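Following the hints, complete the assembly by docking chain W onto the known chain V.
Number of protein chains: 2
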Amino acid sequence: MSEKTKVNAAILIIGNEILSGRTQDTNTSTLALWLNSIGVKVQEVRVIPDVEETIVNSVNLLRKQYDYVFTTGGIGPTHDDITAESISKAFNLKYEMHKEGYKLLEKYYKPGEFNEGRQKMIWMPENAKLILNPTSGAPGFNVENVFCLPGVPSILKSMLGGLKHLITGGKPILSYTINLRTVESEIANSLTKVQDNNKDVEIGSYPFFQAGKLGVSIVIRSEEQSKIDICNSQILDFIKEKKIELVNRD
Amino acid sequence: MSEKTKVNAAILIIGNEILSGRTQDTNTSTLALWLNSIGVKVQEVRVIPDVEETIVNSVNLLRKQYDYVFTTGGIGPTHDDITAESISKAFNLKYEMHKEGYKLLEKYYKPGEFNEGRQKMIWMPENAKLILNPTSGAPGFNVENVFCLPGVPSILKSMLGGLKHLITGGKPILSYTINLRTVESEIANSLTKVQDNNKDVEIGSYPFFQAGKLGVSIVIRSEEQSKIDICNSQILDFIKEKKIELVNRD
Numbered sequence: 000m001s002e003k004t005k006v007n008a009a010i011l012i013i014g015n016e017i018l019s020g021r022t023q024d025t026n027t028s029t030l031a032l033w034l035n036s037i038g039v040k041v042q043e044v045r046v047i048p049d050v051e052e053t054i055v056n057s058v059n060l061l062r063k064q065y066d067y068v069f070t071t072g073g074i075g076p077t078h079d080d081i082t083a084e085s086i087s088k089a090f091n092l093k094y095e096m097h098k099e100g101y102k103l104l105e106k107y108y109k110p111g112e113f114n115e116g117r118q119k120m121i122w123m124p125e126n127a128k129l130i131l132n133p134t135s136g137a138p139g140f141n142v143e144n145v146f147c148l149p150g151v152p153s154i155l156k157s158m159l160g161g162l163k164h165l166i167t168g169g170k171p172i173l174s175y176t177i178n179l180r181t182v183e184s185e186i187a188n189s190l191t192k193v194q195d196n197n198k199d200v201e202i203g204s205y206p207f208f209q210a211g212k213l214g215v216s217i218v219i220r221s222e223e224q225s226k227i228d229i230c231n232s233q234i235l236d237f238i239k240e241k242k243i244e245l246v247n248r249d
Numbered sequence: 000m001s002e003k004t005k006v007n008a009a010i011l012i013i014g015n016e017i018l019s020g021r022t023q024d025t026n027t028s029t030l031a032l033w034l035n036s037i038g039v040k041v042q043e044v045r046v047i048p049d050v051e052e053t054i055v056n057s058v059n060l061l062r063k064q065y066d067y068v069f070t071t072g073g074i075g076p077t078h079d080d081i082t083a084e085s086i087s088k089a090f091n092l093k094y095e096m097h098k099e100g101y102k103l104l105e106k107y108y109k110p111g112e113f114n115e116g117r118q119k120m121i122w123m124p125e126n127a128k129l130i131l132n133p134t135s136g137a138p139g140f141n142v143e144n145v146f147c148l149p150g151v152p153s154i155l156k157s158m159l160g161g162l163k164h165l166i167t168g169g170k171p172i173l174s175y176t177i178n179l180r181t182v183e184s185e186i187a188n189s190l191t192k193v194q195d196n197n198k199d200v201e202i203g204s205y206p207f208f209q210a211g212k213l214g215v216s217i218v219i220r221s222e223e224q225s226k227i228d229i230c231n232s233q234i235l236d237f238i239k240e241k242k243i244e245l246v247n248r249d
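Protein sequences appear in the order of chains V and W.
When the letters of the first sequence are read in order and numbered with numbering that gives the first Met the number 0, they come out as residues 0 to 249.
When the letters of the second sequence are read in order and numbered with numbering that gives the first Met the number 0, they come out as residues 0 to 249.
Just so you know, these hints were derived from the structure itself, not from any lab.
None of the values given here were measured: they were computed from a predicted structure.
Treat the hints with care, since some could be wrong.
For chains that are exact copies, the list does not tell them apart, and a pair is met inside one copy or across any two.
Straight-line alpha carbon distances no greater than 27 Å define the calculated BS3-like cross-link-like pairs of lysine-lysine that follow [claimed, not checked]: (1) K170 <-> K93; (2) K212 <-> K109; (3) K156 <-> K106; (4) K226 <-> K109; (5) K63 <-> K241; (6) K239 <-> K226; (7) K106 <-> K128; (8) K106 <-> K212; (9) K241 <-> K212; (10) K5 <-> K156; (11) K128 <-> K63; (12) K156 <-> K109; (13) K239 <-> K156; (14) K241 <-> K5; (15) K63 <-> K106; (16) K106 <-> K226; (17) K63 <-> K109; (18) K109 <-> K88; (19) K163 <-> K5.
Looking at chain V on its own, in the form it has when it is part of the complex (with noise of 0.2 Å):
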């Protein structure tokens, strides 16, 4: 994949807590920003209930249709965690002990109490590579493209160092925000012939409010500075032309 120069990944975010509304998720942002950064990007989130049926279906669709998927959530040690049970079956695989994961656990746990619960963390598709836990013991894996993580952000945000090296990224995605103090249909014409063009480009544009004041961030994205700076002059041009209050740039 080294001379690929866009690499794309879904993330699939495994829980019954993020449907009910329970739990926000703050998984994807991590995962999004991250994969950015190594130059892959995220064009898929799907978020599923704990079925197997759906998690298998939902992995044999996304693993085939984007180069790599990440999902999160279920690979504890209960009744509701059966991501693991349920790549296997995606994948057609042995749902076993994973020695090399046996081993570790029994190392990270004082004597007795790596019991039967915890032992059921290192269950895995055969031959599955361990992505390593430096927070809480637990490893995720890996089959082919997708690879599985914790849903404890603070876990999986400790995982991404370990995961860096089984990932293949193009070139990383940068990003450029223009924040003005402005109204959207203010600038919407003026944006709209920026992106017209410059059409290989990413231009979003977001109201926010901040301290009481109403604002919107134009966000540029592109794998080439070059062609952010060329949109980036071409918006100042207009911000100024429309007397339009620049808040700042990052």
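For chain W alone, coordinates are given in the frame of chain V:
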């Protein structure tokens, strides 16, 4: 739909800013909690980019699969706001100026302020029903079982009141949480038994870290209070037996 007790929905989050990780989605949680309270269970969430074909295909798939579909994002005045036009295509309806919407915004804005950019916000699929927006004027809209809402969380929240009479839910989904001072592996087997004894109740187990201490939240969900009570009592039995500290319940 009045005799149906189980009513489901999908949420379709439209927006590159969520996929890039720049913006943290909070609308899923807002909508899911609100929908639970009126007896609608969210079964799937998808986050997709501002790409017409993807919006059209996703809406056409989800609206056949679920009782309701709620979209967020892409109904503003800028070039990247393509939800209304895409929904028109999905339903094979004319994309046109909404007369009632026009009158609404004409009154909302000061004379001369209702410019071309703002007028774009009342271009919709023909005969769409308006969803009123008490915060910022520009309405959302409804076609058949698809409801299109804005992406800005505070505006979306303000529109739920006006949306309620358009939705017929089933029985509200009740939820009960038991917070324990333990780790998941200590209760995994006992909790599996409770789930096996109560197959039509949804029992989830979620580790938490609070004030430097580990804990587990057990969440019981059902439309029947009596079924929740049975699970609750079975869980209280095993935590008493295991001498696990009960932090609180709600």
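Quick rundown of the hints versus the structure:
{"no.": "1", "hint": "K170 <-> K93", "result": "neither (36 Å within a copy, 41 Å between copies)"}
{"no.": "2", "hint": "K212 <-> K109", "result": "between (55 Å within a copy, 19 Å between copies)"}
{"no.": "3", "hint": "K156 <-> K106", "result": "within (23 Å within a copy, 49 Å between copies)"}
{"no.": "4", "hint": "K226 <-> K109", "result": "neither (55 Å within a copy, 38 Å between copies)"}
{"no.": "5", "hint": "K63 <-> K241", "result": "neither (47 Å within a copy, 46 Å between copies)"}
{"no.": "6", "hint": "K239 <-> K226", "result": "within (20 Å within a copy, 64 Å between copies)"}
{"no.": "7", "hint": "K106 <-> K128", "result": "within (19 Å within a copy, 62 Å between copies)"}
{"no.": "8", "hint": "K106 <-> K212", "result": "between (55 Å within a copy, 23 Å between copies)"}
{"no.": "9", "hint": "K241 <-> K212", "result": "within (19 Å within a copy, 55 Å between copies)"}
{"no.": "10", "hint": "K5 <-> K156", "result": "within (24 Å within a copy, 37 Å between copies)"}
{"no.": "11", "hint": "K128 <-> K63", "result": "within (19 Å within a copy, 38 Å between copies)"}
{"no.": "12", "hint": "K156 <-> K109", "result": "within (25 Å within a copy, 49 Å between copies)"}
{"no.": "13", "hint": "K239 <-> K156", "result": "neither (41 Å within a copy, 35 Å between copies)"}
{"no.": "14", "hint": "K241 <-> K5", "result": "neither (36 Å within a copy, 53 Å between copies)"}
{"no.": "15", "hint": "K63 <-> K106", "result": "neither (37 Å within a copy, 51 Å between copies)"}
{"no.": "16", "hint": "K106 <-> K226", "result": "neither (51 Å within a copy, 41 Å between copies)"}
{"no.": "17", "hint": "K63 <-> K109", "result": "neither (41 Å within a copy, 52 Å between copies)"}
{"no.": "18", "hint": "K109 <-> K88", "result": "neither (33 Å within a copy, 61 Å between copies)"}
{"no.": "19", "hint": "K163 <-> K5", "result": "within (17 Å within a copy, 43 Å between copies)"}
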